[in-house]
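**Student:** Starting from the known structure of chain A, fit chain B onto it as the hints suggest.
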Amino acid sequence: MDHDVRNALATVVGEAHVSDRMADRLCYSRDCGPDQAGIPAVIVRPGSTEEVVAIVKWANEHRRPIYTRGRATTFLGSGVKDGVILLETTRMNRVETVDLEAGYVTAQCGAIWHSIDADLRRRGRELAVPGGGGLFSCTIGGTVAVNAIPHGATEYGMTGDHVLALEVVLPTGEVIKTGSAANPASEPIERGANGPDLTGMFIGAYGILGIITSVTYRLRRIPELETFRFYAFDDYRDAIDAACGVQTQDAATFIVGLFGGPKPAGEAGDAFLHLIVRDRAVTAEARIREAQAICASHRGRPRPAEGTRRYWEEHMYSWLRNTAPGPYYSDRPYFCPEVAGFVSTQGLKRAVGIFREMREEREEAFAEHGIRVKGLDTYFARNGAYLWIDTLYDERREEALAYGLKLRGEIAERMFTDGGMSPGGLGAGVAPHIMPKLGETYAFLQRLKRAMDPNGVLNPGLLVGQGS
Amino acid sequence: MRLDEFKDQIYSCLRCGFCFDHIEGGGQKICPPYATYGFESYGARGKMALARALIDRVIDYDADIAARVFACTECGACQEECFKYLSLAEIYAAMKEDLAERDLLPDGRRSLLAPLAGEGNPYGRPADKRLAWAPGMERVGRSAEVVLYSGCTPSFVRRGIARSAYSLLDSTGTDFTLLGEEVCCGHPHLSMGRPDLARDAIDKNLASIERCGAKTVVFTCPGCLRTFREEIPRLLGRPLPFEALHLSEFLAESPTFRALRLQKRPRIATYHDPCTLGRGLGIYDPPRRVIEAVPSSQLVEMPRARGRSFCCGNGGFVRFDDEGMSVENESSRFAEAERTEADVVLSACPACQIGLLDAKRREDSPIEVLDILEWVAAAL
Numbered sequence: 200m201d202h203d204v205r206n207a208l209a210t211v212v213g214e215a216h217v218s219d220r221m222a223d224r225l226c227y228s229r230d231c232g233p234d235q236a237g238i239p240a241v242i243v244r245p246g247s248t249e250e251v252v253a254i255v256k257w258a259n260e261h262r263r264p265i266y267t268r269g270r271a272t273t274f275l276g277s278g279v280k281d282g283v284i285l286l287e288t289t290r291m292n293r294v295e296t297v298d299l300e301a302g303y304v305t306a307q308c309g310a311i312w313h314s315i316d317a318d319l320r321r322r323g324r325e326l327a328v329p330g331g332g333g334l335f336s337c338t339i340g341g342t343v344a345v346n347a348i349p350h351g352a353t354e355y356g357m358t359g360d361h362v363l364a365l366e367v368v369l370p371t372g373e374v375i376k377t378g379s380a381a382n383p384a385s386e387p388i389e390r391g392a393n394g395p396d397l398t399g400m401f402i403g404a405y406g407i408l409g410i411i412t413s414v415t416y417r418l419r420r421i422p423e424l425e426t427f428r429f430y431a432f433d434d435y436r437d438a439i440d441a442a443c444g445v446q447t448q449d450a451a452t453f454i455v456g457l458f459g460g461p462k463p464a465g466e467a468g469d470a471f472l473h474l475i476v477r478d479r480a481v482t483a484e485a486r487i488r489e490a491q492a493i494c495a496s497h498r499g500r501p502r503p504a505e506g507t508r509r510y511w512e513e514h515m516y517s518w519l520r521n522t523a524p525g526p527y528y529s530d531r532p533y534f535c536p537e538v539a540g541f542v543s544t545q546g547l548k549r550a551v552g553i554f555r556e557m558r559e560e561r562e563e564a565f566a567e568h569g570i571r572v573k574g575l576d577t578y579f580a581r582n583g584a585y586l587w588i589d590t591l592y593d594e595r596r597e598e599a600l601a602y603g604l605k606l607r608g609e610i611a612e613r614m615f616t617d618g619g620m621s622p623g624g625l626g627a628g629v630a631p632h633i634m635p636k637l638g639e640t641y642a643f644l645q646r647l648k649r650a651m652d653p654n655g656v657l658n659p660g661l662l663v664g665q666g667s
Numbered sequence: 026m027r028l029d030e031f032k033d034q035i036y037s038c039l040r041c042g043f044c045f046d047h048i049e050g051g052g053q054k055i056c057p058p059y060a061t062y063g064f065e066s067y068g069a070r071g072k073m074a075l076a077r078a079l080i081d082r083v084i085d086y087d088a089d090i091a092a093r094v095f096a097c098t099e100c101g102a103c104q105e106e107c108f109k110y111l112s113l114a115e116i117y118a119a120m121k122e123d124l125a126e127r128d129l130l131p132d133g134r135r136s137l138l139a140p141l142a143g144e145g146n147p148y149g150r151p152a153d154k155r156l157a158w159a160p161g162m163e164r165v166g167r168s169a170e171v172v173l174y175s176g177c178t179p180s181f182v183r184r185g186i187a188r189s190a191y192s193l194l195d196s197t198g199t200d201f202t203l204l205g206e207e208v209c210c211g212h213p214h215l216s217m218g219r220p221d222l223a224r225d226a227i228d229k230n231l232a233s234i235e236r237c238g239a240k241t242v243v244f245t246c247p248g249c250l251r252t253f254r255e256e257i258p259r260l261l262g263r264p265l266p267f268e269a270l271h272l273s274e275f276l277a278e279s280p281t282f283r284a285l286r287l288q289k290r291p292r293i294a295t296y297h298d299p300c301t302l303g304r305g306l307g308i309y310d311p312p313r314r315v316i317e318a319v320p321s322s323q324l325v326e327m328p329r330a331r332g333r334s335f336c337c338g339n340g341g342f343v344r345f346d347d348e349g350m351s352v353e354n355e356s357s358r359f360a361e362a363e364r365t366e367a368d369v370v371l372s373a374c375p376a377c378q379i380g381l382l383d384a385k386r387r388e389d390s391p392i393e394v395l396d397i398l399e400w401v402a403a404a405l
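Listed in order, the protein sequences are those of chains A and B.
First residue of the first sequence: 200, per the numbering used here; consecutive thereafter.
First residue of the second sequence: 26, per the numbering used here; consecutive thereafter.
Calculated directly from the structure, the hints in this document are not laboratory data.
A quick note: this is a predicted structure, and the numbers were derived from the prediction, not measured.
Be a bit skeptical, because a hint or two may be false.
[As the list claims (entries may be wrong)] Keeping only pairs whose Cα atoms sit at most 20 Å apart, straight-line, the calculated SDA-like set for lysine to any residue is:
id: 1; chain 1: B; residue 1: Lys109; chain 2: A; residue 2: Lys280
id: 2; chain 1: A; residue 1: Lys573; chain 2: A; residue 2: Glu594
id: 3; chain 1: A; residue 1: Lys462; chain 2: A; residue 2: Lys280
id: 4; chain 1: A; residue 1: Lys636; chain 2: A; residue 2: Gly664
id: 5; chain 1: A; residue 1: Lys548; chain 2: A; residue 2: Asp469
id: 6; chain 1: A; residue 1: Lys573; chain 2: A; residue 2: Leu600
id: 7; chain 1: B; residue 1: Lys109; chain 2: A; residue 2: Asp593
id: 8; chain 1: B; residue 1: Lys32; chain 2: A; residue 2: Tyr528
id: 9; chain 1: B; residue 1: Lys154; chain 2: B; residue 2: Arg164
id: 10; chain 1: A; residue 1: Lys548; chain 2: A; residue 2: Arg581
id: 11; chain 1: B; residue 1: Lys109; chain 2: A; residue 2: Gly664
id: 12; chain 1: A; residue 1: Lys256; chain 2: A; residue 2: Asn654
id: 13; chain 1: B; residue 1: Lys109; chain 2: A; residue 2: Val572
id: 14; chain 1: B; residue 1: Lys154; chain 2: B; residue 2: Val165
id: 15; chain 1: B; residue 1: Lys109; chain 2: A; residue 2: Pro524
id: 16; chain 1: B; residue 1: Lys32; chain 2: A; residue 2: Glu597
id: 17; chain 1: A; residue 1: Lys280; chain 2: B; residue 2: Ala78
id: 18; chain 1: A; residue 1: Lys280; chain 2: B; residue 2: Val83
id: 19; chain 1: B; residue 1: Lys109; chain 2: A; residue 2: Asn654
id: 20; chain 1: A; residue 1: Lys573; chain 2: B; residue 2: Tyr110
id: 21; chain 1: B; residue 1: Lys109; chain 2: A; residue 2: Arg571
id: 22; chain 1: B; residue 1: Lys32; chain 2: A; residue 2: Asp469
[To be verified] Chain A regions said to be covered by chain B (calculated; three or more residues, Cβ under 8 Å):
id: 23; segment: 215–225
id: 24; segment: 281–295
id: 25; segment: 310–316
By construction, the Cβ of each residue, glycine as well, lies at the ideal position given by its N, Cα and C atoms.
The shape of chain A in the complex, shown without the other chains (with noise of 0.2 Å):
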């Protein structure tokens, strides 16, 4: 039965971009977080939109669900189940268009995205948010699709805020555009163009809804001006406080804060703040002055600020805590049930509060299994925080893979209720805790999941599988 999925698929894609080799098949299971998933019967690779469709329609007619991936760098559960056909993008990598004067770059869902950027700095622009979240290695498409938070967001916002228009497979198989781009005699430019906001449905929809086949995204000219400030403080109130007055001030471009796990390298205090100010010279430099005030009047001792301009520059987290990347990622075998998500910013205070009251009510059971702490950090958005809760646990060790997911399920329960958190990533791992408990919301997302997918082919089970 499934050789057949496989010889179909071929006649769509052509005999070297579909298998069904168990070799393979393996290898398109779980994502980089802790949860189990299943095996594919047969991976498919397409390489255009057409070649979606075609897919998308011979699932349709033969109720076979498919389940899309980028280069799966979430940390939030796959979701794959067995024997599903598993669509995978990377061939989809092309750039289509980049107009710098219109200021986007339309690339097709598998281009990389850091490719992306990297090519738009040797023209002196970046797409509009850092580091697309995710890894170095996500695509376009995934990172739109789950919507990563960014390396920073506190003035330039989400991953999603800066999609300008899409272009989506249904899951019954036709293809539309979104924005103005929906308009063929026009560019893809406005995102509020053309009616309804549909590019927003499908951002963070985790492709239940539709698979994005091609993203266009808006640019942002390199500012004149990067500068680095570093701030220790003695009670993580005080850089709660100080955060939301750089925040309200609109003084630094990204506030990163670190509330929890390892203690910056050579550092002594109970939080500590990372700002970044990037902007034209003469306004970077009155901006970073008041951010100093600010951060001083809540008793903030400015540290050098080494480590976050390493961070920002090389995108790797060990910096935030002054550490190069080796020595801090490479001993561990360790995986991360993480849980992320919004508050706002004087709640924090409370979150912060509950995770460090949860942490010393199993401080046996965290010995026990080995469970560490590698962050309590957030990155301070717009108008409220995103806050990490990354806790480890030891993958060797079956039972302490039971107690850290386990243990996530605990924290994300109580992060949505007491702490006021509303997830931002939302896989297969953490959605069945927290999805059924939006109620009406939820029933309108199911209700819309069967409508726009009768047969159920895509990404079944997905964020809507749970709590009908």
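**Tutor:** Just chain B, lined up with the frame of chain A:
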């Protein structure tokens, strides 16, 4: 299972996928088999997924896994980019040993074993013709400070490299000798997961070198060099009683080489870093210094150079089993060299030169393909 020794590292793979793409270079693939086949199982992340399934006893080795593991050109690009600094080359070597133990060697690689055992070279050429390239026998098998280990490919296939090495050592007044009983260094055996079969060759070569009393052995082939510099000491559990150098390292440090009055060659050259020499052994500058010793020449770099050089597609003896993959990747690398608008592409590895020459012939390109030793020797 030998692979079990690497459980900690295998479990440490983050699955980040840094091992797939050259991010700064426009997203080109860094791994030749992955560039050709596109399925993750051919890249490092996929092979780590397979390794994990193997040590967890979810699957067992089979021909499909063998095809993927033996498609590796041993270029080391994945290890260079690895976010977790994993010893991927050692893990692949362990997988090869396990596959060889289960009689799962691919046919092409298996076919090398008989000529290696019989004639001491993978080409099956008569052992007594190994030094047929040498201008005379007066330097063979005598006591000397330096041994020129000629290697199988320069001895039988790319003799211009061996002759150039000889001329350069001669011109610099080096007291050197050739080994009368030289045999293959053992690199093919190690690459096939058969270190047991490499021992004979290693013992023979070490005995020959010992008889010459040499303090230095120089190599033209990075594969031979790495075998002597890294693999043999590891296998024997002791350091070698001589220094093993690539000839470019020897020349770059030689006052007599620097004093040579080489002829002007007003040409633009680009240099392809051989993976084993560069990423493998960290030798990036000596070849460039040797190239630039030729007056009036200009060295231009390819976009992917040094640690981010792209493999020519011929490492790890993959051509014996998958010529199509070698052809595709050598063509890709040759095209990159052509785009520099150099009129000569240089390498420092006979296998790379063979691949690049093949690409040149297919493309009917006017660009010349030389080993760096041929390049310099032509200016003597």
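**Student:** Now, for every hint given, state plainly whether the structure supports it.
**Tutor:** Results of checking the hints against the structure:
1. About 28 Å separates the Cα atoms of Lys109 of chain B and Lys280 of chain A, which puts this hinted pair outside 20 Å; it is violated.
2. Proposed proximity of Lys573 of chain A and Glu594 of chain A is supported: the alpha carbons are some 15 Å apart, at most 20 Å.
3. The straight-line distance between the Cα atoms of Lys462 of chain A and Lys280 of chain A is roughly 40 Å, outside the 20 Å bound, and the hint therefore fails.
4. Between the alpha carbons of Lys636 of chain A and Gly664 of chain A the distance comes to roughly 13 Å, so the proposed pair stays at or under 20 Å and holds.
5. Between Lys548 of chain A and Asp469 of chain A, the direct Cα distance comes to roughly 13 Å. Compliance with the 20 Å bound is thereby established for this hinted pair.
6. Of the pairs offered as hints, the one joining Lys573 of chain A and Leu600 of chain A holds, with about 16 Å between alpha carbons and a cut-off of 20 Å not exceeded.
7. The straight-line distance between the Cα atoms of Lys109 of chain B and Asp593 of chain A is roughly 15 Å, inside the 20 Å bound, and the hint therefore holds.
8. In summary, the hint linking Lys32 of chain B to Tyr528 of chain A is supported, as the alpha carbons are separated by about 17 Å, within the 20 Å threshold.
9. Of the pairs offered as hints, the one joining Lys154 of chain B and Arg164 of chain B holds, with about 16 Å between alpha carbons and a cut-off of 20 Å not exceeded.
10. Annotation: proposed proximity of Lys548 of chain A to Arg581 of chain A holds, straight-line Cα distance about 17 Å (limit 20 Å).
11. Straight-line distance between C-alpha atoms of Lys109 of chain B and Gly664 of chain A comes to about 34 Å, which puts the hinted pair past the 20 Å bound.
12. At most 20 Å may separate the alpha-carbon atoms for a hinted pair to count; Lys256 of chain A and Asn654 of chain A meet this at roughly 11 Å.
13. A threshold of 20 Å between alpha carbons decides the hint, and for Lys109 of chain B with Val572 of chain A the separation of about 18 Å falls inside it, so the pair holds.
14. At most 20 Å may separate the alpha-carbon atoms for a hinted pair to count; Lys154 of chain B and Val165 of chain B meet this at roughly 13 Å.
15. Simply put, Lys109 of chain B and Pro524 of chain A have alpha-carbon atoms about 8 Å apart, close enough for the 20 Å limit, and the pair holds.
16. The suggested pairing of Lys32 of chain B with Glu597 of chain A holds, with an alpha-carbon distance near 14 Å, which does not exceed 20 Å.
17. Proposed proximity of Lys280 of chain A and Ala78 of chain B is supported: the alpha carbons are some 17 Å apart, at most 20 Å.
18. In summary, the hint linking Lys280 of chain A to Val83 of chain B is supported, as the alpha carbons are separated by about 17 Å, within the 20 Å threshold.
19. With a C-alpha separation of about 41 Å, the suggested pair Lys109 of chain B and Asn654 of chain A falls outside the 20 Å cut-off, and the hint is violated.
20. For the given pair, Lys573 of chain A sits about 19 Å from Tyr110 of chain B by alpha-carbon distance, which is consistent with the 20 Å threshold.
21. For a cut-off of 20 Å, the pair hint linking Lys109 of chain B to Arg571 of chain A stands: about 18 Å separates their Cα positions.
22. Restraint check for Lys32 of chain B and Asp469 of chain A: the C-alpha separation of about 37 Å exceeds 20 Å, so the hint is violated.
23. Under the rule that three or more residues need a Cβ within less than 8 Å of chain B, the assignment of the segment 215–225 of chain A holds, with 8 such residues.
24. Counting residues of the segment 281–295 of chain A whose beta carbon lies closer than 8 Å to any beta carbon of chain B gives 3, which meets the minimum of three for the stated coverage.
25. Taking a C-beta to C-beta cut-off of 8 Å, the segment 310–316 of chain A contributes 5 residues in contact with chain B, enough for the three needed, and the coverage statement holds.
The structure fails to meet hints 1, 3, 11, 19 and 22 from the earlier list, while all remaining hints are met.
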